[in-house]
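Given the structure of chain A, go ahead and fit chain B onto it with the hints provided.
There are 2 protein chains.
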Amino acid sequence: MSEANALTPLPEAMAEGAAAVEQILDEVLAAPQGHEARLFEAMRYASLDGGKRLRPFLTLECARLFDTPDSYSLRAGVAVELIHCYSLIHDDLPAMDDDDLRRGKPSCHIAFDEATAILAGDALQAIAFEILADSATHPDAEVRAALVKGLAIASGGNGMVGGQMIDLAAEHSDADVSTITRMQRLKTGALISFSCEAGAIVGRASDEARQALLHYANDLGLAFQIADDLLDVLGTAEDVGKATQKDEAAGKATFVSLLGVPEAQERAQLLIEQAIARLDMFGEKAAHLRAIANFVVKRRT
Amino acid sequence: MSEANALTPLPEAMAEGAAAVEQILDEVLAAPQGHEARLFEAMRYASLDGGKRLRPFLTLECARLFDTPDSYSLRAGVAVELIHCYSLIHDDLPAMDDDDLRRGKPSCHIAFDEATAILAGDALQAIAFEILADSATHPDAEVRAALVKGLAIASGGNGMVGGQMIDLAAEHSDADVSTITRMQRLKTGALISFSCEAGAIVGRASDEARQALLHYANDLGLAFQIADDLLDVLGTAEDVGKATQKDEAAGKATFVSLLGVPEAQERAQLLIEQAIARLDMFGEKAAHLRAIANFVVKRRT
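Note that the protein sequences, when read in sequence, are chains A and B.
Numbering-wise (my numbering), the first sequence opens with residue 1 and increments by one.
Numbering-wise (my numbering), the second sequence opens with residue 1001 and increments by one.
One chain only, chain A, in its complex shape:
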């Protein structure tokens, strides 16, 4: 790639980004011969042909603000996406959220088996870091090491995994809005923030630009999660491609259960307006990042 520029309509730009992500995933997940081929089948099953690739697209668009080659930011974005995919496999396991359906098809542990699903998640995490550390991602090792460190923090015990732990614990307790906010900032927010930060890292952004993108990402991530909770209540499984109304059935506190639908919608909208305002310094180049923000609260899946 890429033919896309800031004037390309968002759907075309996202589709082009997703196709480029798919191609890199297909290459890095090439299956070896032997008994472990099944492992790579499961890794490919859970990673290829899936989703909007929002996270890599954020990396791509943030890096474009600094005129960074797409080849760098795409690989960084693919690493984030691989972490996202591994987390979905593990989250769906019977011992965790016990979800049989993901992106409209059987979850990895249903299509394969639990042991293979656990291992596929583990191997996807490893390959994410392998990609970041490879010189094809960036010629400067300082940049590669910064990417590794950032992704490890965002996805680990003080980030995504910690958020999932809070989520599991919160199912058994009376969680309030501040607990849910903190949980979501870790569980989904940390990785979305790093998607943007990765663009700033490969783009060698100034501190000011990096901070602006982090603020944008924080607001976006929270709005994204509120939109997700709203979808769980208002969407159907057919629309969403996974089971809905699970949160309520599980007696789980969410933004919607705590705030009600109208206030949750209003809060998401305010966060989006705030996110968009963070991008002022980037002018027209940030057109897609603004459009994504609006897309996130209006999506149906």
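Keep in mind that the hints were calculated from the coordinates and are not lab data.
One should not assume that every hint holds.
[What the hints assert, rightly or not] Taking CB as the label site, the calculated pair distances span:
#, chain 1, residue 1, chain 2, residue 2, range
1, B, Ala1015, A, Met281, 52 to 60 Å
2, B, Asp1207, A, Asp100, 46 to 54 Å
3, B, Gln1033, A, Ser135, 48 to 56 Å
4, B, Ala1136, A, Lys285, 35 to 43 Å
[What the hints assert, rightly or not] Coverage of chain A stretches by chain B, computed from C-beta distances (three or more under 8 Å per stretch; other residues unrestricted):
#, segment
5, 35–46
6, 55–64
7, 92–101
8, 212–224
9, 252–263
10, 275–282
[Stated by the list, open to error] Computed, partial: chain A to chain B, Cβ under 7 Å:
#, residue
11, Pro106
12, Ile110
13, Ala111
14, Glu114
15, Ala152
16, Gly156
17, Leu168
18, Gln269
From the three backbone atoms N, C-alpha and C, an ideal C-beta is built for every residue, glycine too.
Leaving out everything else, chain B in the frame of chain A:
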């Protein structure tokens, strides 16, 4: 540390290395406040106060061949150990090897619960890469990126996790010595090899020295596994700190079931002699690495 030199007896040198590893683990696994504290408790439970720390000791001793500061190699070794600890948590899960006992105490999913154990393993993997990417591990980012890439490959789908997948698949098939050898080279060998390679990387070893250490590690890793299979047959749970005679009960092919006890013992001994011969170029500095090789086939736990 460190007071140890090549003349310190192996048990003292290993105990000193293990104490230094323990201290770093204690620091990097400091628990945050909040609902995710339980996650860090599980990570600490599965990582602290456990085992001989063979892998970090290999990194330490290999790096000492090149007069590298222990502070670099210890952190690299701790990252390897964290990967090892995460793999034990996941291997013990009911869907995998279903082991209730590990290092003489309840496995992580027994002491906590399955969901917490899965997440603790995931977070331990992430922190291993975080440590390697941190500038405290080495001032040169090229070295840090090389460590990350090497550990990711050794522990991923083409390494440790791939080996575990072959192991699970082999339980249901007629595995021969060549399949078992390949499986073990991935499942345990890849990480043991990287333990030595990491010492060569932080020590900026010549290609020749690095190759010699890799050959040493390959032979050592296979001998280690044969010794493990022998322990499973000849040891008691009390000696070994985990259930024994599980392989036979599971109808699992091992070096011992395929070769018999005397030939397996002989093969391990030959591998150890070969491993020791690989170290000739390092002279007296490699005294501990030679002693480790002998220790590995004579250990009772």
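Do the hints match the structure? See the list:
1. B/Ala1015 x A/Met281: 52 to 60 Å: holds, 56 Å
2. B/Asp1207 x A/Asp100: 46 to 54 Å: The hint (46 to 54 Å, Cβ to Cβ) holds, given that B/Asp1207 and A/Asp100 are roughly 51 Å apart.
3. B/Gln1033 x A/Ser135: 48 to 56 Å: violated, 39 Å
4. B/Ala1136 x A/Lys285: 35 to 43 Å: holds, 36 Å
5. 35–46: Since three or more residues must qualify, the claim that chain B covers the segment 35–46 of chain A holds, with 6 doing so at under 8 Å.
6. 55–64: The restraint on the segment 55–64 of chain A is violated, since only 0 of its residues have a Cβ under 8 Å from chain B and three are required.
7. 92–101: holds (count 3)
8. 212–224: It is violated, with 0 qualifying residues against the three required.
9. 252–263: Coverage by chain B is violated here, the residue count being 0 at a Cβ distance below 8 Å.
10. 275–282: violated (count 0)
11. Pro106: violated, 17 Å
12. Ile110: violated, 13 Å
13. Ala111: violated, 15 Å
14. Glu114: Hint holds; A/Glu114 Cβ to chain B Cβ min 4 Å, cut 7 Å.
15. Ala152: holds, 4 Å
16. Gly156: holds, 3 Å
17. Leu168: Since chain B brings a Cβ to about 5 Å from A/Leu168, closer than 7 Å, the hint holds.
18. Gln269: violated, 29 Å
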